[in-house]
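Chemist: Protein chains in written order, with this note's numbering: chain S, 1 to 142; chain V, 1001 to 1313.
Keep in mind the hints are simulated off the structure, nothing from the lab. One thing to keep in mind: the hints can contain errors.
Claimed, not checked - In silico SDA-like cross-links for lysine to any residue, where the CA-CA straight-line distance does not exceed 25 Å:
| # | chain 1 | residue 1 | chain 2 | residue 2 |
| --- | --- | --- | --- | --- |
| 1 | S | K137 | S | E112 |
| 2 | S | K137 | V | L1008 |
| 3 | V | K1080 | S | T110 |
| 4 | S | K103 | V | G1126 |
| 5 | S | K137 | V | K1080 |
| 6 | S | K137 | V | A1078 |
| 7 | S | K103 | V | P1103 |
| 8 | V | K1255 | V | N1233 |
| 9 | S | K137 | V | D1196 |
| 10 | S | K103 | V | R1202 |
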Amino acid sequence: MKIDSIKDGIVLDHITAGRGMRIYQLLHLEELDCPVAILKNVPSKKMGKKDIIKISDADLHLDFAVIGYVDPEITVNVIREGTCVEKKHVELPEELENVIRCKNPRCITTTEQELPHIFRLADRHDGIYRCIYCDTKASRQL
Amino acid sequence: MRSLIDILELSVEELDGLMNTADDIMANPAKYSDVCRGKKLATLFFEPSTRTRLSFEAAMYELGGNVLGFSEAASSSASKGESVADTAKVVSCYADIIAMRHPKEGAPYVASINASVPVINAGDGGHNHPTQTLADLETIRHELGRLTDMTVGFCGDLKFGRTVHSLIAALSRYTGIKFVLISPVELRLPDYVRRDILVTNRVPYKETTDLEAVLPELDVLYMTRIQKERFFNEEEYLRLKDSYILTADKMKLAKEKMAVLHPLPRVNEISVAVDKDPRAAYFRQVLYAKYMRMALIMKLLDIAVEIDAKEEA
Ligand SMILES: [Zn+2]
Chain S
1 MKIDSIKDGI
11 VLDHITAGRG
21 MRIYQLLHLE
31 ELDCPVAILK
41 NVPSKKMGKK
51 DIIKISDADL
61 HLDFAVIGYV
71 DPEITVNVIR
81 EGTCVEKKHV
91 ELPEELENVI
101 RCKNPRCITT
111 TEQELPHIFR
121 LADRHDGIYR
131 CIYCDTKASR
141 QL
Chain V
1001 MRSLIDILEL
1011 SVEELDGLMN
1021 TADDIMANPA
1031 KYSDVCRGKK
1041 LATLFFEPST
1051 RTRLSFEAAM
1061 YELGGNVLGF
1071 SEAASSSASK
1081 GESVADTAKV
1091 VSCYADIIAM
1101 RHPKEGAPYV
1111 ASINASVPVI
1121 NAGDGGHNHP
1131 TQTLADLETI
1141 RHELGRLTDM
1151 TVGFCGDLKF
1161 GRTVHSLIAA
1171 LSRYTGIKFV
1181 LISPVELRLP
1191 DYVRRDILVT
1201 NRVPYKETTD
1211 LEAVLPELDV
1221 LYMTRIQKER
1231 FFNEEEYLRL
1241 KDSYILTADK
1251 MKLAKEKMAV
1261 LHPLPRVNEI
1271 SVAVDKDPRA
1281 AYFRQVLYAK
1291 YMRMALIMKL
1301 LDIAVEIDAK
1311 EEA
């Protein structure tokens, strides 16, 4: 299988192998009209193997909070006319809205369906998020 | 505009300020009897808690203010399906400050981000109950004259008791505090409280199942109720229940100057004979709670009254 390197677009590189599909879903890439490629289990010197997503739209707005939460190792490369013009490292976002759901049955979000599920970063080192309403911890396992 | 949802939102300085105000109200109630004239407190109690509601209402009346509200969800518009956010917006049009109790964790926080007036969390499920902790702190400070350098024992159900967890968190910010955690093995302090509060803040503590053995060391004994349904089996409950009952006999082992606290209601974990012991502070604790709620209402309404200088002892 050969996928042409893209001229204009965004490449999500260094995705932990196996998480590519999950990122595809969380970023709602299935809604795009432009070509999107997911490469799985690509050999990598640093990681052994990795997933890569290529999106042929350099101006696409991506939710970096989601990317940072799912996989803080990912690098985002913006390609214009064949050259990489921007390389970004994502990090754990301070706040996540409607990415994880609070699992505490006593939380106000269980009875008030319109409330957004918001989690805030409580411990960057250990990647611990807490529900802003009930303080329940969320583990980063997806 | 500020609200109080979690006790840790208040700095140690702010806590001291509230306790100073409460002390001054106790000493000079007349000075404060009119400071909230024309102000209204809404008590929105989505689950009944008569004790807490009466304390808030008495606090507001003693400041010269007025009170409106409801005491159970059935008599509120929540029974018609109104959201907490909408209730908070509507009540903000009637009241100057809100005290909210709700069975769901985080409901008062939702109210606070939607209300245009301050919101006080008057208990949200098993989560937070900051004004109880304010009362506990003031009780200790008023009874012993300090909040530093002491050994504080917690006895009973340390697993499910939210008042215990909040007080441990609040006291951990003062210096020279040691904790003694007295409970059956099944009702030990949860690991996350131990790790997130005690270990993180390097607060010394020890755990024991034996109340009598540690009673002589304590400056404060915080008693809680052990509910029968928390036990795995009846036999275990019967075997253990008496060992966590505080009696006048056991009080003979305690220091001459110490304070026994209890969040109330008491069932049988403190025998009635202890009530007349001068170290039994749990009914005065109810009084301190009212004064602290008065101090808090004033603070959140930005009502400042100059505190009389205390005479140095
Ligand atoms: Zn929650």
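Chemist: Now tell me if each hint is right for this structure.
Modeler: Here's how the hints hold up against the structure:
no., hint, verdict
1, K137/S x E112/S, "20 Å, holds"
2, K137/S x L1008/V, "18 Å, holds"
3, K1080/V x T110/S, "17 Å, holds"
4, K103/S x G1126/V, "15 Å, holds"
5, K137/S x K1080/V, "32 Å, violated"
6, K137/S x A1078/V, "28 Å, violated"
7, K103/S x P1103/V, "16 Å, holds"
8, K1255/V x N1233/V, "35 Å, violated"
9, K137/S x D1196/V, "12 Å, holds"
10, K103/S x R1202/V, "30 Å, violated"
In summary, the numbered hints that this structure violates are 5, 6, 8 and 10.
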